[in-house]
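Enquirer: Sequence:
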Amino acid sequence: MKDEDVRHLSQLEGEELLKKQHEILLSKYKIMRSNMYRIHKAPIRFALKRIYLNLIKRG
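When we follow the numbering used here, the leftmost residue of the sequence shown carries the number 7, and every step to the right adds one.
In short, the hints are calculated from the structure, not lab data. Any given hint might turn out to be false.
With a straight-line cut-off of 30 Å between C-alpha atoms, the simulated DSS-like cross-links for lysine-lysine are [to be verified]:
(1) K55 / K25
(2) K36 / K25
(3) K36 / K26
Since we're looking at a predicted model, the values are computed, not measured.
Make the full structure from the sequences, and use the hints.
Expert: Below you can see the structure in the form of structure tokens.
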């Protein structure tokens, strides 16, 4: 994550902060998922999805 992203996050509060964190997680997850599709290893894809869903639950 870039420095300006960190500064931006520190200015946000409450719900906006959660939304931003969710967007960042989602983009990281999409990148990981697209990489997994290239490799074609389904078990890893499912494991990543589980990890992602657990991160969302923790908030």
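Enquirer: For each hint, tell me whether it holds in the structure or not.
Expert: Evaluation of the provided hints:
{"no.": "1", "hint": "K55 / K25", "in the structure": "holds, 19 Å"}
{"no.": "2", "hint": "K36 / K25", "in the structure": "holds, 16 Å"}
{"no.": "3", "hint": "K36 / K26", "in the structure": "holds, 15 Å"}
When held up to the earlier numbered hints, the structure conflicts with none and fits them all.
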